[in-house]
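Q: Dock chain B against chain A, hints included.
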Amino acid sequence: MSEIVTIQQLLGLSIILFTIGLVGVVTRRNLILVLLSLELMLSAANLAFVSFAYIQGDLAGQIMVFFVMIVAAAEVTVGLAIALLLSRKTGKINADEVRALKW
Amino acid sequence: MMHTLFWILPEVWLSTIIFLLLALDLKWGEEKHPLMGLIAIAGMLPLFPILFLLAKEGGSHELFSGMFRVDTMALFFKGIFTVSGIVALVLAREFGKAVDRAHGEFYLLFLIAVLGMFLAASSANFLMLFISLELVAITLYVLVSYLHTNLQSLESGLKYLVLGSLSSALFLYGIAFIYGTTGSLHFETIHAMSLRAQTLPAGLVFGILLVLAGILFKAAVVPFQIWAPDVYQGAPTPVTAFLSVGSKALAFLVALRILQELFLPFSMAWNSVLVFASGATILYGNLCAIPQTNIKRFMAYSSIGHAGYLLMGITAGVDIGSAAVSYYLLGYLFTNLVLFLVITAVTLQTGSDEIKSFAGLSKRSPFLAAAMFIGLLSLAGVPPMAGFFGKFLLVLSALSQGYLTLAIIGAVAVVISLYYYLRVVQTLYADEPVDATPIKIGTTMKMSIVACLIGIFVLGIWQYPFLAISIRSIQHIF
Chain A
1 MSEIVTIQQL
11 LGLSIILFTI
21 GLVGVVTRRN
31 LILVLLSLEL
41 MLSAANLAFV
51 SFAYIQGDLA
61 GQIMVFFVMI
71 VAAAEVTVGL
81 AIALLLSRKT
91 GKINADEVRA
101 LKW
Chain B
104 MMHTLFWILP
114 EVWLSTIIFL
124 LLALDLKWGE
134 EKHPLMGLIA
144 IAGMLPLFPI
154 LFLLAKEGGS
164 HELFSGMFRV
174 DTMALFFKGI
184 FTVSGIVALV
194 LAREFGKAVD
204 RAHGEFYLLF
214 LIAVLGMFLA
224 ASSANFLMLF
234 ISLELVAITL
244 YVLVSYLHTN
254 LQSLESGLKY
264 LVLGSLSSAL
274 FLYGIAFIYG
284 TTGSLHFETI
294 HAMSLRAQTL
304 PAGLVFGILL
314 VLAGILFKAA
324 VVPFQIWAPD
334 VYQGAPTPVT
344 AFLSVGSKAL
354 AFLVALRILQ
364 ELFLPFSMAW
374 NSVLVFASGA
384 TILYGNLCAI
394 PQTNIKRFMA
404 YSSIGHAGYL
414 LMGITAGVDI
424 GSAAVSYYLL
434 GYLFTNLVLF
444 LVITAVTLQT
454 GSDEIKSFAG
464 LSKRSPFLAA
474 AMFIGLLSLA
484 GVPPMAGFFG
494 KFLLVLSALS
504 QGYLTLAIIG
514 AVAVVISLYY
524 YLRVVQTLYA
534 DEPVDATPIK
544 IGTTMKMSIV
554 ACLIGIFVLG
564 IWQYPFLAIS
574 IRSIQHIF
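For the record, the sequence lines run as chains A and B. Using our numbering, read the first sequence as starting at 1 and increasing by one per residue. Using our numbering, read the second sequence as starting at 104 and increasing by one per residue.
It is worth saying that the hints were derived from the structure and are not from the lab. Predicted, not measured: the structure shown is a model, and the values here were computed from it. Ideal Cβ placement from N, Cα and C applies to all residues, glycine included. Hints may contain errors.
Claimed, not checked - Okay, derived cross-link-like pairs now, BS3-like style, lysine-lysine, Cα gap no bigger than 27 Å in a straight line: (1) A:K89 with B:K200; (2) B:K549 with B:K135; (3) B:K466 with B:K200; (4) B:K135 with A:K89; (5) B:K135 with B:K543.
Stated by the list, open to error - Far from chain A, some chain B residues (derived; all Cβ distances over 10 Å): (6) L129; (7) S163; (8) G283; (9) R299; (10) I393; (11) V517; (12) K543.
For reference, chain A alone in the conformation it holds in the complex:
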């Protein structure tokens, strides 16, 4: 274990990032920012995986990160596509404009 950063600091950072993402998804109204916050949550999980893999000297956690990055890219692609179609229809990219169904 390196002396520069400890596992507690890494996990603390990861939890802070995850919370920022979670709060962002819940409170932001702009769809692009919502998608961005989702990416932040996945990245926080990646950081946790890498830190755990590092202290255990195990590669499985680091391999997981590559797959998560691909999944995150796929997810945001679909998300942006739907946001684009919606903005073409309503002219806005605001979650408040989307209320044809009872929420």
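A: Showing chain B alone in chain A's frame:
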């Protein structure tokens, strides 16, 4: 020792069909080709003999250095996914006639979702499980928002995507902490570790609870049920049918795998949460279904209620509970599919999915009305139908573990559900139709309805062999 290829035959077969359809879709392009749907359905059918062959061989087999495992539970659930996939494709074929653009990729996406479910059923590693679940989830986001010109479909797709990705992120973060405390992503290693464990590390509890949140979201359980009514209502009807059966079965498969197989020794970490969630879900689903006027929204609340019952079996944490979950899912599969077949047939003709457009269905099509009547009774849990015995087993398993309050809530909710299901039956039979034109249905639709009705009655009357299958399906997880 059989060859590796033999055990992944269902997945290989499904991938072949997917590539075939992809090539045909490219070739036929924008024109609507009638063969596309037929090839997709015909391609699914050989999965039954293949799965049967594998089940006859039996046993639990690990492949690809422990990434992939074929056991009886995986095969049982693959059977459920195949049935729901086929019926969803039958529905998609009917539905496609009403969509104005080419719909080749509509079938393709269904098949990819089924492939993802197959892989998730056989996962023996958290990496594999996460990726297969995402394969299903991302495919479903596209399917839900498939009607590009329909604002409702786009909106429900967006809601599903945002909340679904949120739950995936929670699930993933939970996996990270499980990995951090157990030091492995392999189910086998984690299982061995949890059997030996003397103490319960706080990090593991955190991880299990986050993973649980992800699962409860996919199963649409209180407090993560908020997406279900909107998405069920806005999605194209075949997708709604697939969500309500396939996606739900997948969630409970993952719940059985993770909670029962991996973390049963740590049940004190998750059990009280599940007891509460189960009771709250049963009450919420059944009470909110009463005032609904839209049939798809109505089915959403009813399916939330059923998720609560299924959770009861997981809470019980014994083999009878898990077997009851398998049995109940089997009955729920046929029942819900019959209802969605009828709903699709009627809504495509009338162009409205309000419950009042079903008024006087018995005069317009006695066959459809009777099928819907039987389906609703089975959902409510009336004796000669499949729903009754499943509910009975679930309540029994809760009682056997001493959850008296939960069992009472379950029994009371049956009475509530009888009220709102029978109100729909009243609309079907007693009300006068707005226009009395008979409703036409295609041959494949008719065949599917008859097959599902047979399933409902066989499961309800001749329970023993199916109970034996359900018990066999969970033999490897304890």
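Q: Against this structure, judge whether each hint is valid.
A: Cross-check of the supplied hints:
1. A:K89 with B:K200: holds, 24 Å
2. B:K549 with B:K135: Judged against 27 Å, a Cα distance of about 23 Å means the pair holds.
3. B:K466 with B:K200: OK: K466 (chain B) and K200 (chain B) at ~25 Å, within 27 Å.
4. B:K135 with A:K89: Status holds; Cα separation ~25 Å.
5. B:K135 with B:K543: holds, 22 Å
6. L129: Nearest chain A Cβ is 20 Å from L129 (chain B), so the label holds.
7. S163: Since the minimum Cβ distance to chain A is about 22 Å, S163 (chain B) lies beyond 10 Å and the statement holds.
8. G283: violated, 4 Å
9. R299: Answer for R299 (chain B): holds, closest chain A Cβ roughly 18 Å.
10. I393: holds, 15 Å
11. V517: Given a closest Cβ separation of 27 Å, the condition holds.
12. K543: The claim stands: K543 (chain B) keeps its Cβ more than 10 Å from every Cβ of chain A (closest is about 30 Å).
In this structure, the one hint that does not hold is number 8.
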